[in-house]
Amino acid sequence: MKQESVTIGKSIVIKGEVSGSEDLTIEGHVEGKIELRDHILSIGSSGRVQAHIVAKAIVVHGEVTGNLTAAEKVDIRESGAVDGDIVAPRVAIADGAKFRGSIDMRHEASATASDRSAKGRKAETFTPAPASANGEPVNV
Amino acid sequence: MAEVLDLGPAIGSNIAFLGERIGCKIHVKDLYADLERHAREEATLSCDHGADSLDAVLCWDIFDYLAAPAAAALAGTLVRALRPGGALLALFGSGNTADRSYTRYVIEDDSHLRYRSVPAACGRQRSLQNRDILTLFGGLELFDSVLLKSGVREFVFRKPGEP
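Line order of the protein sequences matches chains B and Z. Count along the first sequence from 1, add 80, and you get the number used in our numbering. Count along the second sequence from 1, add 25, and you get the number used in our numbering.
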């Protein structure tokens, strides 16, 4: 069965809430909220999005300002730029892509990027051990 | 969930290592991207995080690119933002301030970093001595330090106190 997909063209400007049950590609400008819980959202290289996004998977070639929540994966490609918080079990950031914000890869697909509570927080710490990049290390 | 602040550019394999393998929440604040503005406007580079809110900070070699007052101001905000028991990693080069590039550090695995130079808006400002580094992070305890064959020095500091 052929997967349905819709494209919002370069000249289209949408302000408000976008939701649907098919894959969507945005090449235009969208402000507000985008919800495609069971489908893939692609922001094309000319796409400009200022929105809170919830989708099954999100692929970013263009610019996004806002929080991204994906049940499966967020993929920021080389030309992509994201300024916002990401919640997704998998996040891929290509070399050259721009990202500023936080990334939460907990396996809680229903969690939202705006959920900044400390629920389930444990007193665990991460120690970045010095790593030798060039041969044997020497203590100083 | 541990919270890590990465002051370098977002790098896919670092995100995968920290997020998927270590299970951290990662905050990316690419201060290298702000270096040009910092150099041009003398803008302050700071950390927006509240006191005792971070478990670890990856500074990479950002302090080599900052003038002394800016470095002290940034170090102060990072020390405040670390939780007791939290760790801070910083690398320091051996000199060559004429080179207008910075280094991208890629976490390969538990014990290896790969790095490569990319063009930068400004070169390294100075080469800090070990005593300057210890002074810079006066609120922290030195946990470990390593001198690489390349001359790069790696320091891990910890904030005193129980996690």
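Worth flagging that the hints you see were computed from the coordinates, not collected in a lab. A hint or two may mislead.
Unchecked claim - Subject to a maximum C-alpha distance of 20 Å in a straight line, what follows is the list of computed SDA-like cross-link-like pairs (lysine to any residue): (1) Z/K174 to Z/R141; (2) B/K178 to Z/K174; (3) B/K136 to B/S91; (4) B/K136 to Z/V171; (5) Z/K54 to B/K136; (6) Z/K174 to Z/A146.
Stated by the list, open to error - A few chain B positions that, by computed beta-carbon distances, are all more than 12 Å from chain Z: (7) E111; (8) D118; (9) H119; (10) A137; (11) A168; (12) P169; (13) R170; (14) A172; (15) R186.
What the hints assert, rightly or not - Beta-carbon label-pair distances, calculated as ranges: (16) Z/G163 to B/E158: 36 to 42 Å; (17) B/E111 to Z/V143: 42 to 48 Å; (18) Z/G163 to B/S101: 17 to 23 Å; (19) B/G112 to Z/L159: 19 to 25 Å; (20) Z/E166 to B/S91: 31 to 37 Å; (21) B/E102 to Z/L159: 37 to 43 Å.
No residue lacks a Cβ here, since even glycine has one placed at the ideal position from N, Cα and C.
Tested hints:
1. Z/K174 to Z/R141: Given pair Z/K174, Z/R141 holds - Cα atoms ~16 Å apart, limit 20 Å.
2. B/K178 to Z/K174: violated, 32 Å
3. B/K136 to B/S91: violated, 26 Å
4. B/K136 to Z/V171: violated, 44 Å
5. Z/K54 to B/K136: Not OK: Z/K54 and B/K136 at ~26 Å, beyond 20 Å, violated.
6. Z/K174 to Z/A146: violated, 27 Å
7. E111: At roughly 24 Å from the nearest Cβ of chain Z, B/E111 sits farther out than 12 Å, so the non-interface label holds.
8. D118: holds, 23 Å
9. H119: holds, 24 Å
10. A137: The assertion about B/A137 holds, with a minimum of 16 Å to chain Z.
11. A168: Its Cβ does come within 12 Å of chain Z, the nearest being 9 Å, so this is violated.
12. P169: Incorrect as stated: the minimum Cβ-Cβ distance to chain Z is 8 Å, not above 12 Å.
13. R170: Nearest chain Z Cβ is 7 Å from B/R170, so the label is violated.
14. A172: violated, 6 Å
15. R186: violated, 7 Å
16. Z/G163 to B/E158: 36 to 42 Å: holds, 41 Å
17. B/E111 to Z/V143: 42 to 48 Å: For Z/V143 against B/E111, whose Cβ atoms are near 33 Å apart, the range 42 to 48 Å is violated.
18. Z/G163 to B/S101: 17 to 23 Å: violated, 57 Å
19. B/G112 to Z/L159: 19 to 25 Å: violated, 50 Å
20. Z/E166 to B/S91: 31 to 37 Å: violated, 59 Å
21. B/E102 to Z/L159: 37 to 43 Å: violated, 59 Å
Checked against the numbered hints above, the structure violates hints 2, 3, 4, 5, 6, 11, 12, 13, 14, 15, 17, 18, 19, 20, 21; every other hint is satisfied.
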